[in-house]
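With these hints in hand, go ahead and build the complete structure from the sequences.
Sequence order for the protein chains is A and B. Here the first sequence is numbered in the working numbering, starting from 2 and rising by one per residue. Here the second sequence is numbered in the working numbering, starting from 221 and rising by one per residue.
Worth flagging that the hints you see were computed from the coordinates, not collected in a lab. Some hints here could point you the wrong way.
[Unchecked claim] Here are the computed lysine to aspartate or glutamate pairs in the DMTMM-like style, where the Cα-Cα straight-line distance is at most 25 Å:
| id | chain 1 | residue 1 | chain 2 | residue 2 |
| --- | --- | --- | --- | --- |
| 1 | A | LYS104 | B | ASP372 |
| 2 | A | LYS87 | B | GLU539 |
| 3 | A | LYS61 | A | GLU137 |
| 4 | A | LYS87 | B | GLU532 |
| 5 | A | LYS61 | A | ASP119 |
| 6 | B | LYS475 | A | GLU137 |
| 7 | A | LYS104 | B | GLU539 |
| 8 | A | LYS104 | A | GLU137 |
Owing to the predicted nature of the structure, the values given are computational and were not obtained by experimental measurement.
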Amino acid sequence: MNRKYFILALSLVGLFLALSQTAVAHHSTTYYSLEPKVIRGTVVEFRWRNPHAVVVWDTKDDAGQTVRWAGELSSVTTLMGDGLTKDSLKTGDEIIFSVRPSKAGTPAAVIQSMKRPDGTFVLRWSTQSETGLTPEQVGKLRVAAGLPAEGPGRTAPKP
Amino acid sequence: MCISRHLDQPNILPETAPRIRLPIGDRRGTEHRVIAGGSVSSRALLDLWGDKMRNLLIGFTFTLAVLLIFSDIGWTQEVTDIAPGPGWLPAVRRHSVQAQRADRIKYKIDQRKLDPHDLTGMWGETGFGLNAKDAPSFTPYGQQLSDATQADISSAGFAIDASKDPQQMCDPMGFPRLWSFNYGFEFIQLPDRMLQVFEWGHTFRTIWTDGRKLPPNPPQQRFLGFAVGHWEGDAFVVESNGYDDRTWIGRDERKGERGFPHSDEMRIVERYRRTAVDTLESELTIYDPKVYTAPWTSNGRARLFPGTEIGEYFCVPSEERDFQNLVSRPAAGAEPLK
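Structure (structure tokens):
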């Protein structure tokens, strides 16, 4: 085989191996949609807890009615690895949430990212949103969020 | 080569990583091909684009692929782990890539002499991983146990994954599930015992090395069993029994959302081998003929995480319950827990 094709093939094999892990963590998230949704809302509560931190926020639906959402994050130590602390969110903060909403249509979601109206990220990417997905699915979501397809947390073995 | 394992700690090239020589400047056998349908001007451009340029491009592509495999470029500026204060260290879980690089220099990992009989250290960060794909088939009794682990289905048609999995209710994860998934652990080596301190569940396991034998008929079923250890050459061998059969070995996602069960007669043999200052390899074999028709072996590798310490990750039952009622059960279309 021509050397350059061999090298290119080797490169592709390497990339395939790099992507060939499934992200799994504390629990399944199969009931969350793969179509991300952006929601601007006001933080009602930031539950800095284990095994999952939770953000509760209010937003207005198309009819102007207030809808209370709850979104899950990973554990406290994992979030500290992502740069968060118990003080990262305050009640009343305006936040733009990127979430994967529930397939059941309920206002519950797994959070992908959180940023303030000035564009500052509170959380650039939550590995919790990768739970239970294939590397290809994770890659698409990450690329859609403006990130490289790969990132820490995607190789967590099955519990 | 276990590339996937290296990805867990992508900043450090292991000593066993392949050394790659890029083929730059080799003109033998090269051809000047023209893309089908290309115009005269593009053909001319391609002719100008000589072997060196192409080799450089190939080399660049290959190097990029290697970087993507062994590093977290593009991410390294985004992750910042938090230490509680001066003198305190961040938790082993999700220690940032930049900090790992700095720690490798600070703690002189590349200069330290390997003592294969010293397993002391923080080993992270996710666990050794369960070899679920090679799980042996169930005995008839094992199949019954497996069927009983199937998650309930909500009225909206989604599996409620916390409905059967004891770990999802924050029951003790038990062993060997803590071997395969643990958020990192610390080995503390004492004259008469080895302590294994796990981040997940903030729990510890005692492996006795004082010469005692396993209890022949354990009077109590334990979540972490009874464990004794000894050295065989450079391998630290751990034998254990007396396990509580309420725990799962791990998740079984081959047919819906289930768990791998075990009986209270399960015995486990682990082997730990420190193959480099920063590398701990482990093999774990489960013997449970009541449930599985053959022994079941998993292998894994953990990386040393100097500059970290055990944090405090408790799986808190009341908080898990609140979480389920606030988020996961509504998301699955299930009624809240009473």
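Comparing the hints with the structure gives:
About 17 Å separates the Cα atoms of LYS104 of chain A and ASP372 of chain B, which keeps this hinted pair within 25 Å; it holds. This hinted pair checks out: LYS87 of chain A and GLU539 of chain B have alpha carbons roughly 16 Å apart, not beyond 25 Å. For the hint linking LYS61 of chain A to GLU137 of chain A, the alpha-carbon distance of about 33 Å lies beyond 25 Å, and the restraint is violated. Between LYS87 of chain A and GLU532 of chain B the alpha-carbon distance is near 14 Å, which keeps this suggested pair within the 25 Å criterion.
Between LYS61 of chain A and ASP119 of chain A the CA atoms are separated by roughly 20 Å; this keeps the pair inside 25 Å, and the hint holds. This hinted pair checks out: LYS475 of chain B and GLU137 of chain A have alpha carbons roughly 21 Å apart, not beyond 25 Å. A hinted pair counts as satisfied when its Cα atoms are at most 25 Å apart, and LYS104 of chain A with GLU539 of chain B qualifies at roughly 24 Å. For the hint linking LYS104 of chain A to GLU137 of chain A, the alpha-carbon distance of about 20 Å falls within 25 Å, and the restraint holds.
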